[in-house]
Every structure is written in C-alpha cells, then in structure tokens.
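Given next are the chains, with one letter for each unit.
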Amino acid sequence: MGEVVVPAFGSFVHDRASSGRLIVQPRLGFSSPARMRAALQRVKAADATTVGTLTLDSYTRVNDDDSAQRALAGGLDLNGFPLVVHGAQITRSVLAGITDEQFPVQVRHGSAQPQRIVRTLLEAGIDATEGGPVSYCLPYSAVRLSRAVEAWSECCSMLAVGPDDARTGHLESFAGCMLGQLCPPSLLVALGILEGLFAREHGVSSMSLSFAQQTNPTQDLEGLLALRALAAEHLPDVDLHFVVYTFMGVFPRTVTGARALTRECVDLAVRGGAQRMIVKTVAESARIPTVQENVDALEYAATCARSAQFDQERSSPEDSEVYDEARTLVEAVLGLAPTVRGAILEAFRRGFLDVPYCLHADNAGRTRSFLEPDGRIRWLDTGGLPLARPARRESSVSSREFLEMLAFCQRLYDPTEDGILAGHA
Amino acid sequence: MAITRTLPGAGEIDVVLSGVSSDSHTWNLSFLQLLLEEQGLTVLNLGPCVGADEVQLAAEEVRPQLVVLSSVNGHGALDAPAYAKALAGSPATSGVPLVIGGKLDVLGSSDPSDYASLIELGFDQVFVGAHAIDDFHRYLDRRFALSEAS
Chain A
1 MGEVVVPAFG SFVHDRASSG RLIVQPRLGF SSPARMRAAL QRVKAADATT
51 VGTLTLDSYT RVNDDDSAQR ALAGGLDLNG FPLVVHGAQI TRSVLAGITD
101 EQFPVQVRHG SAQPQRIVRT LLEAGIDATE GGPVSYCLPY SAVRLSRAVE
151 AWSECCSMLA VGPDDARTGH LESFAGCMLG QLCPPSLLVA LGILEGLFAR
201 EHGVSSMSLS FAQQTNPTQD LEGLLALRAL AAEHLPDVDL HFVVYTFMGV
251 FPRTVTGARA LTRECVDLAV RGGAQRMIVK TVAESARIPT VQENVDALEY
301 AATCARSAQF DQERSSPEDS EVYDEARTLV EAVLGLAPTV RGAILEAFRR
351 GFLDVPYCLH ADNAGRTRSF LEPDGRIRWL DTGGLPLARP ARRESSVSSR
401 EFLEMLAFCQ RLYDPTEDGI LAGHA
Chain B
1 MAITRTLPGA GEIDVVLSGV SSDSHTWNLS FLQLLLEEQG LTVLNLGPCV
51 GADEVQLAAE EVRPQLVVLS SVNGHGALDA PAYAKALAGS PATSGVPLVI
101 GGKLDVLGSS DPSDYASLIE LGFDQVFVGA HAIDDFHRYL DRRFALSEAS
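If you read the sequences in order, they're chains A and B. For the first sequence, position 188 (counting from the first letter as 1) is numbered 188 according to the numbering used here, and the numbering increases by one without interruption. For the second sequence, position 76 (counting from the first letter as 1) is numbered 76 according to the numbering used here, and the numbering increases by one without interruption.
There may be inaccurate statements among the hints.
As the list claims (entries may be wrong) - Not close to chain A: a few residues of chain B, all C-beta gaps over 10 Å, as computed:
no., residue
1, 38
2, 47
3, 48
4, 88
5, 112
6, 142
7, 147
What the hints assert, rightly or not - Which chain B residues face chain A? A few, computed with CB under 7 Å, are given here:
no., residue
8, 24
9, 26
10, 31
11, 49
12, 94
13, 96
14, 99
Just so you know, these hints were derived from the structure itself, not from any lab. Only a predicted model underlies this, so the values are computations on that prediction, with no experimental measurement involved. From the three backbone atoms N, C-alpha and C, an ideal C-beta is built for every residue, glycine too.
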C-alpha cells in the first residue's frame, strides 16, 4: 500500500522540458476546499502540460486569520484559498488523489511575512512556493524591507529542509514581475539574480527565476536571455529553471487582444528557453476568472506552444544592453556587503536598486522610466543606480503620458471596433 | 516620487495624498502625484495600505491645504468614513478639506450623488465616474486659485 509519490517540483519541470513540453500554469484559488479540489481536477484534465496552483487569499497574505475565519463562517467567497486557516490536514485532503507523478502543485501568495504559510504548505506535503524578500514586499506591502528580509530568511531555511525526506523545497522568485509594468528589464533581471542568491544563501537548492512579458518582444527576449546567462554565472550549482509570466499590467479587454498577447508570451518562452509559463485569461481586465476561462487559457497556450514558429534562440545574450546593465547592477550590489542579505538592504538604502513608480517606503523613488513608440522600456532617470545617466530629452513624465504608458498593451492589442469585449458574462 | 516616513515640516506640503487601508493598488496614487505636481503643488504621498490614524497624524504634522484619498479596489466607500472621523476628531486637522475619488464600491457607481453620505460625514467632494479627473482639476483650480497663479 504505497503512498503516491509526488515528484520534486524542479525535477518534474525538467522532465517535461526534456520532452519538449512547455508547462503552462494558472493562478487559481477558492475558499471552499471542495471547489478548490474541483478546480485542480479540471486543470489536471486540461489538454495541456500543467501544474496546479493554490493561490492564497488577501487576508491570508497579511496574516489576518480573523477576517479569513469570519468570511468562511459567513459563507463568503474569498479571493483565494485560505491555506493557514484551513490547515495542513484539510489541504492534504484537497490534494489527495490529485497530486501525483503527473501533477504537482505550487502555492502562490504575495505575502511579505509568510512564515505560517510556508510552514503549513510544507506540513501539507507541498514543496513549491513563490516570492522573495524584495518581490513580495515592495510591490504590494507596507511591511518594511528589513522585516521582509528577516521573514524570508526564515522561510528559505524551512524550504531548505523541505516537506519530507525525499524532497527539498522549491522557491520561484517573483522579481521578474515587481509592479508588472514600466520597469526596465535590466533591473528585473538583476533583482531575480539577487533573490536567487539570497535563497541559496539561506539553503534553498531548487529554484526558478521569472521574467514577466512587457511591451516589446525583442527587448523581452533580450531580458530572458540575459537572466539565463547571469544565472549560469551566479547560480551554477542549484537546480534551476525559468518561468515567464503573461503580461501582468493593464490587460487587453477583448478576446482577440488577450489571445494575441498570450501567443506572444508563448513565443517568448519558447525562444527564450523558459520551461514554464503562467497564463492570464480573457477575463483578466474585468474580474477573477472562472475555472473554465482558466482551462481555456491553458489549452490556448498549449496550442500556441505546439505550433510555435520559433526554436530556442541561439544568439549570444552578452552583447545586449539589458545583459550589460543587469550585470553591472548585480556586481555593484554584491560589492556592498559580505552577505547577499546585507547587500540587498544596503542597495535599497542607497538607491542602487530603485524600482520606477514603486511607492514603498524603502524604495528611493528617484528612478523614472518611459516607453518608446515601439514599446521598449527606457530609463528616463536612473536616480542613484550605478548606471550611466541616460541622455534624456526631458526629466519627467506627465500624468497623461503615464496613463498612456499603462494602457500600452490595450491600445496595441485590442482591435478598435470589432473585438468582442471579454469577461463580461 | 516616494513615500517619506520622515515627515516634512509644517507649511512645506500643499497636499497629503494617500491610499486607504484595504487597498494595495499604487498606479492611481502615482498618477495623482504626477497630476498634482504638474499643477505646481507639493505632495506628500503616503502610498497604499494607510490607516485613518496614520493619515491624521501626517496631516497634523505637515498641515496641508488638502487631503486626497484614492481607492480603486471597490472598498473605498466602506473605508472612507474612518478617515473623515479621524481628521474631524482633532482640532489640528478638523479644518483641513478632505476629498476622495476612484472606484469606491464593487458595483462601480459612477455618479457622485450616490455618495451623499460621505459628504454628510465631512468629505468636501467625491470624484467618481468618467469625469472624475476633469472634476478634480476644477476642484484644485478653485481650492488653490490655480488659474490666477502666474
């Protein structure tokens, strides 16, 4: 009577990649264990190579158990699965008979202080999660970076031990996304490498680094290749794979637009040699998607992957501007302190790392970016970053230009008249 | 633009801008800071996820001409009363005009007259719907006599 052995997340991904199959993955979270289980079953059954996801709700992310409990008691739907309040046993029962050697799951959350989340997922027999001290702190939290760094140190140590004797924990860095828009790729790449190094410093030996699709496919490919090249230099001794996120900013409103952006993202994953891709659905601009919309998105992405017109890019990334800048940033930051943890804190304190338009108290807020007409993201002001100052035409972005930049993908991908507005069922 | 937790002295800041406690969105706050600064106003941007007491303390410290709240997650109308109460509860801040805008309920009501209760609670004006930004420009014009500024 053997227990089902779920493979380690990293091993599963490499196995699928070696047979040429891009893994596509949804974001997926419901309060009720039964609904969560049913959703995972449908993702598993989709005509695509998938892994499952438990996306956690907003209350769980901020450790607000009371509000999560109250919502559950009142029969209200949360915007995700309340892992900590349900606990390890209920979570195991959600996964029993679903997770197996064909289908592992990952917990995605967004918490700056996720110790209880990580403890619970490990107790539930899950080995994979997402985040990082910077990427799950600066974008959405008011928690100070020093507290997030402490919390994530603890979490990485727990992940290093893993859920059982057979597996060590896996961490995916969310640094390829940050605010989801308007961040020059070199900074996203540098943050990903630094979060990977942080995780390794705290014992994690299986990880993935991310890159979010932006507004220019050529620049995106440069970014992904630069990420892989720098990872080979700085993280040669860990189990590593790469994840691409479908555009995380203001999303097209039409089915046509959503699909066009998805197809571009699959091309990026294939050309850039990523093993896994997080999809978005046609409903994204309007509301949280239904399971069917998620299954449709997964199957559409799989169709694109099967018919991808490109092979993996063989060109050298070392002569791209993105690679040069990212490398300069990583090396300058690492030089600030003997530990990666210390270097990250010092870098933000000095403004060596400074995410444009990020309002967090520990982000210096002196950098600015803008979009070229072709969507390329450029520095308008490098602030205190250890990079050459750009030769810039003006020093500021107007409020109107700012809104236009945010809506770039809608303008480019939504057809003006005949696109069916999506998500308004 | 940045959140400064070390607050400037009284008189240096025209506008205190803030998100509300349950809302982690920041694009609306970044946009509004740019808009206010284009009008020549100095802004203290407290960022997202800020409670009523923190907004009141900041307003007491810097003595702005205006407090602007922005929320786009649909819970703003529920959160807003606490801010009016906090500002009204201290003599140092009870006279500061307070406004709010964005997407303030989950139905996406776009008619400012739907928010009469907020006006009764002490908000000077509510900015929602398609003309919210134009209305906000006109409000700033009147509040800061911007057209007369040379």
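We went through each hint and held it up to the structure:
no., hint, result
1, 38, "6 Å, violated"
2, 47, "4 Å, violated"
3, 48, "7 Å, violated"
4, 88, "24 Å, holds"
5, 112, "21 Å, holds"
6, 142, "19 Å, holds"
7, 147, "18 Å, holds"
8, 24, "4 Å, holds"
9, 26, "5 Å, holds"
10, 31, "6 Å, holds"
11, 49, "4 Å, holds"
12, 94, "26 Å, violated"
13, 96, "22 Å, violated"
14, 99, "17 Å, violated"
This entry does not satisfy hints 1, 2, 3, 12, 13, 14, going by the numbered hints stated previously.
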